[in-house]
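Chains as they are written, first to last, in numbering that gives the first Met the number 0: chain A, 0 to 261; chain B, 0 to 637; chain C, 0 to 251.
No lab work stands behind these hints: they were computed from the structure. Just so we're clear, the structure is a prediction, and the values are computed from it rather than from any experiment. The C-beta atom is built at its ideal place from N, Cα and C for all residues, glycine as well. A hint or two may mislead.
[Unchecked claim] In silico DSS-like cross-links for lysine-lysine, where the CA-CA straight-line distance does not exceed 30 Å:
1) A:Lys217 to C:Lys195
2) C:Lys90 to C:Lys48
3) C:Lys195 to A:Lys117
4) C:Lys48 to B:Lys214
5) B:Lys251 to B:Lys637
[What the hints assert, rightly or not] Just so you have them, the derived chain C footprint on chain A, three or more residues with Cβ under 8 Å:
6) 60 to 68
7) 89 to 95
8) 105 to 119
9) 159 to 166
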Amino acid sequence: MSSTANKESTGTSSLSSKPSGKSSACCTCSSPLLSSSIGRKWIVAITGILLILFVSGHLLGNLTIYPGPNWINAYAEHLQSLGPFLWVIRLVLLAIVGLHITCTIQLWMENRAATPQKYAVTNTLQTTIYARSMRLTGLVVIAFIIFHLAQFTWQGFNPVTRTWIDAQGRHDVYRMVIAGFSNPFVSAFYLLAVGLLAMHLSHGISSLFQTLGLTTAKLRPLFERAGRIIALVIFLGYASIPLSVLLGILRYPHVSLCPFVH
Amino acid sequence: MILDAKIPAGPLEQKWTNFKNNAKLINPANKRKFNVIVVGSGLAGASAAATLAELGYQVDCFCFQDSARRAHSIAAQGGINAAKNYQNDGDSVWRLFYDTIKGGDFRAREANVYRLAEVSRNIIDECVSQGVPFAREYGGELTNRSFGGAQVSRTFYARGQTGQQLLLGAYSALSAQIGLGRVQMHEHTEMLDLVLVNGHAKGIVARNLITGEIKSHAADTVLLCTGGYGNVFYLSTNARGCNVTATWRAYKRGAAFANPCYTQIHPTCIPVAGDYQSKLTLMSESLRNDGRVWVPKKKGDNREPQDIPEEERDYYLERKYPSYGNLAPRDISSRSAKEACDSGRGVGPGGLGVYLDFSAAIQRLGRNTIEERYGNLFEMYENITGESAYERPMRIYPAIHYTMGGLWVDYNLMSNIPGLHVLGEANFSDHGANRLGASALMQGLADGYFVIPNTLGEYLSTQFGGPKITTDLPEFKKTEEEVRERVNKLLSVKGTVPVDTFHRELGLILWDKCGMARTEAGLKEAIAEIKALRERFWKEVCVPGVGAELNQSLERAGRVADFLEFGELMCLDALTREESCGGHFRVEHQTPDGEALRHDDTFASVFAWLYKGEGNEPELEREPLSYEAVHLATRSYK
Amino acid sequence: MNFHLRLWRQKSADTPGRFEGIEATNITPDCSFLEMLDIVNNRLITDGKEPIAFESDCREGICGTCSLVINGVPQGPGRGAACQVYMRKFKDGETIFVEPFRAGSFPILKDLVVNRSAYERIMRAGGFISEHTGGAPDASAILIPKPVADKAMDAAACIGCGACAAACPNSSAMLFVGAKVTHLNLLPQGQPEAKKRARAMVRAMDEEGFGNCSNYYACEAVCPASVSASVIAKLNRDYIKGEVSEAVGAID
């Protein structure tokens, strides 16, 4: 079927809207798979899955703070020992985040162009607050990631932490984390960020199943519940660390919570 | 003028085959040179436009709606008949043919009806292959249900939305052809006149409803698929936009209008609630399987239905038709409801309603069963009336539903104007004086998919070598000018009365005097009243705005102006047909127990009316109906 | 009952519109919303004013011509199209906002009338099964399990009104396109063109400038035909299958 025929044959062609055309939105990729609305949503969904995996792995790593400095410092040491490979991982992660954000921004811009005028009476119609705040939560999470990298990876706010060494001569990540979260403002921002991340995930997880075409009317409520539960677990896991620091459960020097683990 | 039905020779069963074997063919290269105008995009129009385009003709299709898919065929609920005999219950082409002829009270053409029954089978094949999701059995086979007027199960259906699904099938075929550039679709464009060149239909003048532009369109032949005229009654089950304009304009250009008085009244509709009402909603006839129809025995009994004791209720259908009871056919149930209300025993606002009571069924079967069977209908009823039919009886009343009359056509679906073909409800051909349930969809699709593609060649093959028809011809300019004048005339009345007011008044006159029961005196009064109303219309109507814009008042004014002329012809036809048959009941012609009384010796014919100019009485032509295969019998449902 | 209507008035496609306050007085609660507008219009005509342009046809919820947004809800409160809304659902003296569908791809033509021809063009790109009239096999030759036929029917119930795109914060047409693709792609007759269909219709949809689906499900909430958003999942799946099979040179 020819697209010219389509347009010519429109009876109301004199009235027809001027299609804004979407194919130009992604000028770098010529494949419709990557420039179409659904193609880019697939990219957002797949990068989303990878980021959820990262967030979960990162959480497991962070939780090693509970058994004590030995565990978390060893974990950090192990990561650092990857050397150039660590940079490969970091670059891949950056690319994933970049794709996730680029596609989202493109889609968002198109959506704005598609809706020139809002209704006088706004009616949210079934949409959840989580779904409506995806862009906001995403933006805050990005801002937080930059802050978080600056604080704990680059250690730019308090460079002295770079020199902290534990008994085995490893970088004392344990002490750095506790020092960082002892600042209630840092902890508050952290809690806010992981809270928004959880909101982002609670829509994102069920949404990605829909985008990848795995949902049915029966499965959708299931995926929605699963999304909320996973988001909650991730939130509790992350939030527990600054809370434990502020409540004095985690402190430096380390006081073991469990006598059998050192 | 002699109306030649051009019925092929041979025995009834062989006529269509004989016709096809000898039909004039147009070779593919020549088909491309022919331009066909299809007006209307319902089942008949969409299927014809798609099929003719597929064959290679250049097609222009017009609809006044914003999409071809919105034509009123979409609202048909029940189903579509086909002589498939998948149920092994003894159905056959012959039986479908006979049921249709008998249902039409022996006032339809045998050959047309037989052909309809024959192609009914192909329609189902066609629709299934288009992806129409007909109801299925668990084993994957198509399922059927039974319908009024038949003793076999031959009705195919897609939930309560069969019309919608069949139209979407035809519309998808049409969309494919538009996408391929073979059909030019003109939405929001209303035909306002037919253009004749040397006495042949060669184009139309249409108004773009968005811009108001009035423009001519030329073609080698014109197909009118513009539906019925039920809206002449103002209140009907038809869509708001349904109108008689296309066929009426064709009539005024010389096309014969056949049997305009044959209108079908559906017994189970939600009654009129007030003068604000814009349409009547049909409640599926299936409700009568479990509901009992009654009115109070006492006149003007204003008690709540539950307070009226059993012995003071008149279950009039069960009383009058003990063997069929509440399942008596449409025309009989409708008339009985009217009688009950006329005797002052009607219920609800204005006393125009009867009860359809489910309390016995709920007691017998339980509320759950009733809810399973009719839940969606009860919900719809409650949404419209605000009453729950579980707690109190439904109120129902008959309403205009379908019109069997239409432009006269021969076996080839061509009217007496050469080149003007008429399909679907717009023609008069297949249903006689009464249509059976689930047969309208069958006829629309038969005409479009299977009849016209075979018969169109009979006319077009005579049209080789003539000068190319273009809209530059003076005939087009003249007609265009007449249309403009008419539009301007409507705009320049500048009265104070809205169009709807006239339409409602016309509807009331017709409903009272040319509705379920008609009398000579009433019809004569109606004709006088319509004339007076028409005069008032042209003096007092208010059509605000201008012509060159989206102007819905203007659209309606044009349609109502035509209804005001058409209504008179309908009454004249009803007055002239001095017998009762099917949907046409003349009070003077009934059996001692109040049933319709036909006069086959004088009236077994089609009444075709020819326009003879403004102010002149139209001329009546009769096409005799000869029955070779069936024996004329009296219907009885006692 | 009396109502304060705030109606969108717009002379034509190119002129800016605005809200106009009109009083609808003495309305019976049994009146439908459109009948209330009829009454208001006839009063406007009698007063020598221009009536409000709005589209409707069958007035029984099936033709899909209605295109009203009542208090921010396309097709108004409750299930069904705007013609199925009755005045008894409103409070006496209530202020009611009536707007046209708002979406970039549905330009306003006049008052409450919009141009939905974008949906037509999407249909022409692939919303059909290519077949020849008269060439169909006997209908009983194709067996379709009842659950499949039922699911196809659920999707086919779409009335093509455009409320989905009108309700969507992104003006996405995915529920409409999803319904069409699901109806035809579920059936055995639709298989030969299944991938091509999804591909062609999504491309046409994108070209019309509709927004992208953010899985808000506002479409599903307003759909007068109760089409489930699971049709969007199927569209997502079939579209990617279509693009991938084209990209790798597989047939269809």
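- Output the numbers, in ascending order, of every earlier hint that fails for this structure. 3, 5, 6, 7 and 9
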